[in-house]
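Trainee: Those sequence lines, one after another, are chains A and B. Start counting the first sequence at 1063; every next residue gets the next number (my numbering). Start counting the second sequence at 1063; every next residue gets the next number (my numbering).
Keep in mind the hints are simulated off the structure, nothing from the lab. Hints may be right or wrong, so weigh each one.
Copies of one chain are not kept apart here, so a pair can be met inside one copy or by any two copies together.
Derived DSSO-like pairs: lysine-lysine, alpha-carbon spacing no greater than 30 angstroms straight-line [unchecked claim]:
#1 K1163 x K1114
#2 K1129 x K1069
#3 K1181 x K1096
#4 K1145 x K1163
2 protein chains.
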Amino acid sequence: MKNFEEKTLSEKKEFNGKCITVSTYDVELSDGKKTFREVIHHPGGVVVVAQKGEKILMVKQYRYPIKQVSLELPAGRLEKGEKPDDAIKRELEEETGHIAKTWKSLGYIYTTPGVCDEKLYLYYATDLEFKKQNPDEGEIIEFFEYNLDEILSMIKDGRINDAKTICALTRAFL
Amino acid sequence: MKNFEEKTLSEKKEFNGKCITVSTYDVELSDGKKTFREVIHHPGGVVVVAQKGEKILMVKQYRYPIKQVSLELPAGRLEKGEKPDDAIKRELEEETGHIAKTWKSLGYIYTTPGVCDEKLYLYYATDLEFKKQNPDEGEIIEFFEYNLDEILSMIKDGRINDAKTICALTRAFL
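Could you build the full structure based on these sequences and the hints that come with them?
Mentor: Here's what the structure looks like:
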């Protein structure tokens, strides 16, 4: 196998936001050629396939970057210093009002590794109990319960287009 | 269903890169509250499940943002003014040296709709013929052929973690 590694020559910080930061890098490829990389640094996040009997919990929310309502699994960003195993319990309760007794890791994914370091930890949760929905400030979210076969047909026909949702369901039920 | 739409009050351009741009927006939620959004604007891209007999074409490359080699389907960004249907033929040939006679759309996905507008168009290609690999300047790529069941087990056990790769294969073979 080829040697692929890229060596960082210099970094320039370009944008320091509340959620993301952006830097540009001069790098040296393994063949000695020089190029540059634009990188979005993201805190990472969590996603859960939460199963309640025959149903899977899903949320609908407006996604401002794509200017449309998106049907997705419950998910969210890691807060500063927060562990994924804690973040996903917080997000599930905030977005759907449910707590789960049984948790299983489904590994992780990179959402767009060519330009962003976002790493999402995936979970499968069962033994659910409803308490009370309590979304974050600035989030308007509705939650729904769907049968798995409905969800799979929405993935297939393009009514579900959110990458993390498709990946987590694939890891859970492949 | 709730009214979810968010109204843009103002935009501030934060970063103008070669691949991405970043803006921040003050927005008004449907309940009248005000908040802000950070948005990465991305040109979009293309991904292909290219099947050659029993084999699927995959590529390995170093992904600088995540500092590791990633096993993925052939994929790439749209060039300025380029149509997805043209871009995917160019990318398949550049990265794997193959051209395909038969193409089918598998719809599209959003890789990370909470913070980025990246839209990836997915394809399924068959009737492949090998010509000559010809990667972009600044790309070091190796291509491989895997049986579908090997790929599915790598998705399941976490050796494949690239979201677009998992999504396209799920759409193709679900």
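Trainee: To test your reading of the hints: which numbers does this structure violate?
Mentor: The structure conflicts with no hint, since it agrees with every one listed earlier.
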